[in-house]
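**Q** One letter stands for each residue in the lines below.
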Amino acid sequence: MQVALMIPCYVDLFYPEVGVATLELLEKLKVDVVYPFDQTCCAQPMANGGCYEEARATEELFIKNFSAFDHIVTPSGSCTLHLRNKFTAAPDSPERRKVSASVYDLVEFLHDVLRVREFPWAKFQHKVALHTSCSAIRGLGLASMSERVHDAKFSKPKNLLEQVPGIDFVDFERPDECCGFGGTFSATEEAVAAKMGYDKLEFIGKSGADYLVSSDMSCLMHLQGCAHRLGAPLKVLHIAQVLNGVAQ
Amino acid sequence: MSTVDQAKNAAAFIDDKTHERHLDQLLWMLRTKRDDAARRVPEWEQLRDLASKIKEHTLSNLAHYLEMFESRAKANGVTVHWAQDAHEHNQIVYQILSDRKADSLVKSKSMLTEECDTRRFLENRGIQVTETDLGERIQQLDDESPSHIVGPAWHKTTQDVANLFARVYGSDKNKADPVYLAHVMREHTRPLIEQAKAGMTGANFAVAETGAVVTVTNEGNADLSANAPALRICSVGLEKIIPTNEHLAVFIRLLTRSATGMAITQYTSHFRAPRQNGEMHIILVDNGRSSRLGMEKFWPSLKCIRCAACMNTCPVYRRSGGLSYGSTYMGPIGIIMMPTFDIRRYSELPFSSTLNGSCTNVCPVKINIHEQIYAWREVMEEKHQFKLVKKEAMIVAGKVLSHPRLYRMAADSMETSLKVLPRFALYNHFNAWGRHRDIPQPAKETFHDWYKKYRSQAAGQEVSR
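Chains as they are written, first to last, in my numbering: chain R, 1 to 248; chain Z, 1001 to 1465.
These are calculated hints, taken from the structure and not from any lab test. There could be a bad hint or two in this list.
Unchecked claim - Heads up, simulated SDA-like pairs for lysine to any residue below, C-alpha to C-alpha not over 25 angstroms straight-line:
1) Z:1391 x R:183
2) Z:1387 x R:88
3) Z:1453 x R:245
4) Z:1383 x R:24
5) Z:1008 x R:228
6) Z:1017 x Z:1163
7) Z:1383 x Z:1292
8) Z:1008 x Z:1435
9) Z:1390 x R:57
10) R:28 x Z:1449
11) R:64 x R:116
12) R:153 x Z:1036
13) R:206 x Z:1026
14) R:235 x Z:1443
15) R:235 x R:36
16) Z:1444 x R:24
17) Z:1303 x Z:1261
18) Z:1366 x Z:1063
19) Z:1444 x R:10
20) R:153 x R:201
21) Z:1366 x R:88
22) Z:1399 x R:91
23) Z:1017 x R:172
24) R:64 x Z:1452
25) Z:1303 x Z:1071
26) Z:1452 x R:36
27) Z:1387 x R:56
Because the structure is a prediction, the values reported are computed rather than measured.
Throw the hints in and build the complete structure from the sequences for me.
**A** Below, the structure written as structure tokens:
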């Protein structure tokens, strides 16, 4: 199967190792990965800020780079949600619709499309706190949400991680409360964003976790920044790094 | 009036650590109680569906149900008034009072009268107005607006209230005990209720079939306000209409469970007719509602039953405090309602959200709140209600991110500049991110460059630069 790899801008710039882990993991799973070279961003930063005019050209570029592919995979729930449900700054076209219909978050691609149920190369003997983003939970439905009390409990990222020997999952308070990143919100409302991050870290800190693992690096970028400022460095990993077996 | 800077107000609320923590913990407790209450109702999601559809149906046939309500209420002996806006509403109230030489009014909590600023209007015309809801009375005495639509003073600690009562009533400020404080309030407010010439309430629901208004309260103050004086005025927003008592049952089951986790309140009161030898007036108020009903994207906020579940679950509201929004309605529902009242003043509110979607999923009438917040951002951009500096940043971002070559140049220079800049240059007041968080370190090599180095030849790809 051929897959176009979309690397979110902040992963490209700040966490290239997450991009590498995603690529290597897909290759281990015998996927033919293509990395469209002229890619930049999904345009979410502008669209999320209300700036459709400014988002249009970036969305058009994305369509140009990716519309030829039947599967587009990205290690980000939030970029996936934008591309799937909010990708409307560019004019409507068959190509635009194809992009929205073809994009997958890495977790859902592994879980639902490839149906991977083992990662024989990976092991991770640590206490792990799993943070799943709001985009992944309430946007993409990758895990059940606490608000819908009658829904069956499930978590696709956890299902995948459970296949990695050694992981000891720890629970923490308010597991699906937003971490405070929120895209442009993290800058425009920095005091509230940071307080939300501090609170999240306090709950995770009490759980005794060694690592915080998430399928969204943007949440981790924010939480890591909060942790450094508090002088409580937190070890964070993207789920791709754990599943790829590089982090042990 | 100038634009409300919610972010700035929220930052001040957080700086004073006591209140932020107090509010967050109190409201999160209510959120968990709501979850427990919903868990005990197996058909919870069906109820939400039903409630949403009843509201949608009623709003789609609003004229029909309003006229039915008016005719039934009149038949019950009630005088029905129509007010197009806040000013007309206040004029009607004043006219009713002044015609009868009523110079004192007791009222129960009503967000509609907050919306219309009725209290100030009447006080300026010499009428003594006393709020009878404990929280609302606290806010009145402290000269503050309600900070929450269910618990107007929930942002205050018991000690705050003890201090306030000591100042106003001369009670013991060292007795920060809720029971003591409730007694202080009762002693001072009861006589005002007994002496008042008129009483006023809002309405949680107005039932078209019976012409009755329904209030859902815990303290019994709405019943006192409505029944103690012979003259009674009730203000009702147009969207409060529901067809029948059968429909009412659906909302009663959802309302308090969503608000506080209680199965039902102490008092669910139906007021249908004036008391013996008394008078009852109902004022049906539009104040922007019918024009909102015509807004394709934003009409669903009219389904709101004011339970505040969205506020209790909102991580931003809990850490900002309700007063930070500078508005009658606050939190997620406030963000999507307030711009319909004044787009300039509330143009920044849609940005006070992480779009996490929790609000939408607790809403008992299934308003797509977080999607509307997102849609409002676009409207603010279209209507040019946008901070210039933010706009300029977006134009630059849009330009760079749509040109691969510019993007690569920016990536290289960011890596260089972040590496060489000293700490004081990174962390200053121009850098919002860095005020409370460290900036992520740019990687030595972007993924793009790594790929170019290790993979592009293998993949047989052209290197674009």
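**Q** For the pair supplied as a hint, residue 1303 of chain Z and residue 1071 of chain Z, is the alpha-carbon distance within the 25 angstroms limit?
**A** Holds: residue 1303 of chain Z and residue 1071 of chain Z sit about 23 angstroms apart, inside 25 angstroms.
**Q** Given the proposed pairing of residue 206 of chain R with residue 1026 of chain Z, does the C-alpha separation stay at or below 25 angstroms?
**A** Distance ~20 angstroms between residue 206 of chain R and residue 1026 of chain Z Cα, so the pair holds.
**Q** Would the pair residue 1383 of chain Z and residue 24 of chain R pass a check requiring their Cα atoms to be no farther apart than 25 angstroms?
**A** 46 angstroms, violated
**Q** Are residue 1391 of chain Z and residue 183 of chain R close enough, with their CA atoms no more than 25 angstroms apart?
**A** Holds: residue 1391 of chain Z and residue 183 of chain R sit about 15 angstroms apart, inside 25 angstroms.
**Q** Just to be careful, I want the Cα atoms of residue 1008 of chain Z and residue 1435 of chain Z compared with a cutoff of 25 angstroms; is the pair within it?
**A** Distance ~13 angstroms between residue 1008 of chain Z and residue 1435 of chain Z Cα, so the pair holds.
**Q** Quickly compare the C-alpha distance for residue 64 of chain R and residue 1452 of chain Z to 25 angstroms and report which way the hint goes.
**A** 20 angstroms, holds
**Q** CA of residue 235 of chain R to CA of residue 1443 of chain Z, is that 25 angstroms or under?
**A** 17 angstroms, holds
**Q** For residue 1387 of chain Z and residue 56 of chain R, compute the direct alpha-carbon distance and say whether it is at most 25 angstroms.
**A** 20 angstroms, holds
**Q** Take a quick look at whether residue 1444 of chain Z and residue 10 of chain R sit within 25 angstroms of each other, Cα to Cα.
**A** 14 angstroms, holds
**Q** Is the Cα-Cα distance between residue 1390 of chain Z and residue 57 of chain R 25 angstroms or less?
**A** The hint holds at about 18 angstroms.
**Q** Sort out whether residue 88 of chain R lies within 25 angstroms of residue 1387 of chain Z, counting only the CA atoms.
**A** Distance ~23 angstroms between residue 1387 of chain Z and residue 88 of chain R Cα, so the pair holds.
**Q** Between residue 1303 of chain Z and residue 1261 of chain Z, is the straight-line Cα distance small enough, at 25 angstroms or below?
**A** 20 angstroms, holds
In the structure shown, a violation is registered for the earlier hints numbered 4, 11, 15, in ascending order.
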